[in-house]
Each structure stands twice: as C-alpha cells, then as structure tokens.
Amino acid sequence: MNRGRIWAWFLQRVTGAGLFLVLGIHLWTVHYSRGGEAIVFSEVSARLKTLTFQVVDYALLAFVLYHGLNGVRNVVLDYNITPGQERVLNWALTIIGMIFFVYGAYALTPFIAG
Amino acid sequence: MPERVTDPSVLRRSRDTWPGNYKVGMWAWVLHRITGLGLVLYIFLHILVISTGLAGPASFDEMLHRLHSPVFLVMDSVVLAGALYHSLNGIRLLLFDLGIGVRRQREMFWAVMVVAVALFLVAVAKVAPLL
Numbered sequence: 009m010n011r012g013r014i015w016a017w018f019l020q021r022v023t024g025a026g027l028f029l030v031l032g033i034h035l036w037t038v039h040y041s042r043g044g045e046a047i048v049f050s051e052v053s054a055r056l057k058t059l060t061f062q063v064v065d066y067a068l069l070a071f072v073l074y075h076g077l078n079g080v081r082n083v084v085l086d087y088n089i090t091p092g093q094e095r096v097l098n099w100a101l102t103i104i105g106m107i108f109f110v111y112g113a114y115a116l117t118p119f120i121a122g
Numbered sequence: 035m036p037e038r039v040t041d042p043s044v045l046r047r048s049r050d051t052w053p054g055n056y057k058v059g060m061w062a063w064v065l066h067r068i069t070g071l072g073l074v075l076y077i078f079l080h081i082l083v084i085s086t087g088l089a090g091p092a093s094f095d096e097m098l099h100r101l102h103s104p105v106f107l108v109m110d111s112v113v114l115a116g117a118l119y120h121s122l123n124g125i126r127l128l129l130f131d132l133g134i135g136v137r138r139q140r141e142m143f144w145a146v147m148v149v150a151v152a153l154f155l156v157a158v159a160k161v162a163p164l165l
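From first to last, the protein sequence lines are chains A and B. Okay, so the first sequence: first residue is 9 according to the working numbering, each after it adds one. Okay, so the second sequence: first residue is 35 according to the working numbering, each after it adds one.
Be aware that a few hints might be false.
[Claimed, not checked] SDA-like cross-link-like pairs, simulated, lysine to any residue; straight-line CA separation at most 20 angstroms:
#, chain 1, residue 1, chain 2, residue 2
1, B, 57, A, 44
2, B, 57, B, 46
3, A, 57, B, 88
4, A, 57, A, 33
5, B, 160, A, 44
6, A, 57, B, 91
7, B, 160, A, 40
8, B, 160, A, 120
9, B, 160, A, 38
10, A, 57, B, 57
11, B, 160, A, 115
12, B, 160, A, 35
13, B, 160, A, 57
14, B, 160, A, 47
15, B, 57, B, 139
16, B, 160, B, 99
17, B, 57, A, 45
18, B, 160, A, 121
19, B, 57, B, 69
20, B, 57, A, 31
21, A, 57, A, 113
22, B, 160, A, 33
23, B, 160, B, 103
24, A, 57, B, 68
25, A, 57, B, 89
26, A, 57, A, 10
27, B, 57, A, 37
28, A, 57, B, 95
29, A, 57, B, 115
30, B, 160, A, 51
31, B, 160, B, 126
32, B, 57, B, 99
33, B, 160, A, 42
34, A, 57, B, 92
35, B, 160, A, 32
36, B, 160, A, 113
37, A, 57, A, 120
38, B, 57, A, 67
39, B, 57, B, 68
40, A, 57, A, 104
By construction, these hints were calculated from the structure, which means they are not laboratory data. Because the structure is a prediction, the values reported are computed rather than measured.
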C-alpha cells in the first residue's frame with residue numbers, strides 16, 4: 009500500500025465527515041428550510057455576502073469535488089488497472105477537479121459582488 | 035453448448051455475485067456505489083445551473099424559476115434520497131473505521147436507515163405544499 013493511497017483513503021473520510029456538516033447546512037438553508045419557494049439571486053447573494061456562507065460554500069465545493077472524484081477513482085481501482093493507467097486516471101481526475109473548482113469558485117463571485 | 039463449470043471456487047464465486055443471494059451488507063455496498071456515482075454526475079449539473087448567475091441575476095432567476103416545477107421537485111427528492119442514503123451509510127462506514135459496530139453491521143445499517151428516512155420525511159413535508 010503506497011503513501012498516496014493511504015492519504016486518499018484518509019482524505020476520503022475527512023471530506024466525507026466534512027460534507028455531512030456543510031452539505032447538511034447547505035441543503036437545509038438553501039433548499040428545504042424555506043419550504044421550497046423558488047430560489048432567487050438576491051436571496052442567495054445576501055447570504056453569500058456573509059463570511060460564514062462563503063466558508064460553507066467554498067468548503068462544500070472543494071470537499072464535494074475531492075470526495076466525488078476520488079470516489080470515482082476508488083470504483084475504477086476495483087477493476088485492476090495497470091500502474092500506467094492509474095497514473096493517467098489520477099492526472100485526469102485531478103485536472104477535472106481543478107477545472108470545476110476554479111469554474112465553481114468563479115460562478116459564486118457574482119453572488120458575492122451583487 | 036457452453037462447457038459445464040465444475041471448478042468449486044468458480045461456482046462459489048458465481049453464487050456469491052448473483053444479486054438474489056446478496057445479504058444486507060452487500061446491498062448496502064452496492065447502493066453506496068450507485069448513489070455515489072449518481073451524485074457525482076449531479077454535482078456537475080448543479081455547478082452548471084449555479085453558473086447561470088455569471089450571465090446576470092435575470093438569467094439565474096429565470097433558470098431557477100424554470101426548475102421550480104413539480105417534475106423537478108420530485109427529481110430533487112430522488113437526489114435528496116440518494117444523498118441521505120450515501121451520507122447515513124457513510125457515517126456507518128466511518129464508525130466501522132473507528133472500530134465501532136463492525137460486529138453489528140446489519141443492525142447498524144437499519145439504525146442509520148431509520149435516521150435517513152426520518153430526515154427525508156422532514157424535507158419532503160417542507161416542500162409538499164408545492165406539489
């Protein structure tokens with residue numbers, strides 16, 4: 009078992025536990041506590057002007073991308089790929105994760121500014 | 035005619051991998067995978083929906099208004115059910131890693147499922163007036 013795999017295993021648990029907290033906050037405040045009224049820009053914006061929700065949303069974005077993409081990696085690793093294929097897989101998932109983190113982080117900026 | 039399999043280890047394997055013979059722990063694992071893969075796909079869609087805000091508040095409000103129909107609310111509930119299943123079964127797996135409840139994995143499964151169903155009903159009751 010190499011170091012990278014042990015770290016990935018550990019981080020999957022850390023982000024999983026973190027998601028339980030921040031995804032719970034997100035689902036309740038944004039999607040359910042309001043009784044399912046249509047979500048509007050001004051309301052999201054008012055929330056995202058607070059530091060608490062900036063931390064919650066950026067943590068959610070980072071945790072969910074790591075946990076989800078590392079989860080995909082775990083599924084693929086169950087099919088006995090070669091070390092070369094594993095390297096390609098790791099790079100591909102890392103790049104996808106970074107692109108979506110940057111894009112997702114950028115997508116939140118109008119709400120923080122507006 | 036396919037050749038008849040007589041190797042006992044192969045026979046045991048095919049018997050164990052047949053879904054009709056899965057026990058609770060195996061179903062828990064299979065569902066964790068399926069919900070996990072489904073949720074990853076959903077996350078990308080979710081990021082794309084939110085990114086309509088980049089084109090201005092009007093674009094975001096129009097998109098969110100369009101997603102606010104009974105059909106989408108039912109689909110949201112399916113996503114929520116998947117997320118609750120994955121979260122609560124995930125807590126069960128975390129406890130196992132801490133050495134808690136491994137010998138009682140079956141009872142642990144039903145215990146976390148009671149919590150998942152309760153949370154699902156609270157959420158659905160919240161949005162029910164809109165359906």
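Cross-check of the supplied hints:
no. : hint             : in the structure
1   : 57/B with 44/A   : violated (37 angstroms)
2   : 57/B with 46/B   : holds (15 angstroms)
3   : 57/A with 88/B   : holds (16 angstroms)
4   : 57/A with 33/A   : holds (16 angstroms)
5   : 160/B with 44/A  : holds (7 angstroms)
6   : 57/A with 91/B   : holds (15 angstroms)
7   : 160/B with 40/A  : holds (6 angstroms)
8   : 160/B with 120/A : violated (28 angstroms)
9   : 160/B with 38/A  : holds (12 angstroms)
10  : 57/A with 57/B   : violated (49 angstroms)
11  : 160/B with 115/A : violated (28 angstroms)
12  : 160/B with 35/A  : holds (12 angstroms)
13  : 160/B with 57/A  : violated (26 angstroms)
14  : 160/B with 47/A  : holds (15 angstroms)
15  : 57/B with 139/B  : holds (11 angstroms)
16  : 160/B with 99/B  : holds (18 angstroms)
17  : 57/B with 45/A   : violated (41 angstroms)
18  : 160/B with 121/A : violated (31 angstroms)
19  : 57/B with 69/B   : holds (18 angstroms)
20  : 57/B with 31/A   : violated (30 angstroms)
21  : 57/A with 113/A  : holds (14 angstroms)
22  : 160/B with 33/A  : holds (16 angstroms)
23  : 160/B with 103/B : holds (15 angstroms)
24  : 57/A with 68/B   : violated (36 angstroms)
25  : 57/A with 89/B   : holds (19 angstroms)
26  : 57/A with 10/A   : violated (42 angstroms)
27  : 57/B with 37/A   : violated (37 angstroms)
28  : 57/A with 95/B   : holds (18 angstroms)
29  : 57/A with 115/B  : violated (30 angstroms)
30  : 160/B with 51/A  : holds (19 angstroms)
31  : 160/B with 126/B : violated (27 angstroms)
32  : 57/B with 99/B   : violated (43 angstroms)
33  : 160/B with 42/A  : holds (8 angstroms)
34  : 57/A with 92/B   : holds (19 angstroms)
35  : 160/B with 32/A  : holds (15 angstroms)
36  : 160/B with 113/A : violated (29 angstroms)
37  : 57/A with 120/A  : holds (5 angstroms)
38  : 57/B with 67/A   : violated (36 angstroms)
39  : 57/B with 68/B   : holds (17 angstroms)
40  : 57/A with 104/A  : violated (28 angstroms)
Going through the hint list in order, the structure does not satisfy hints 1, 8, 10, 11, 13, 17, 18, 20, 24, 26, 27, 29, 31, 32, 36, 38 and 40.
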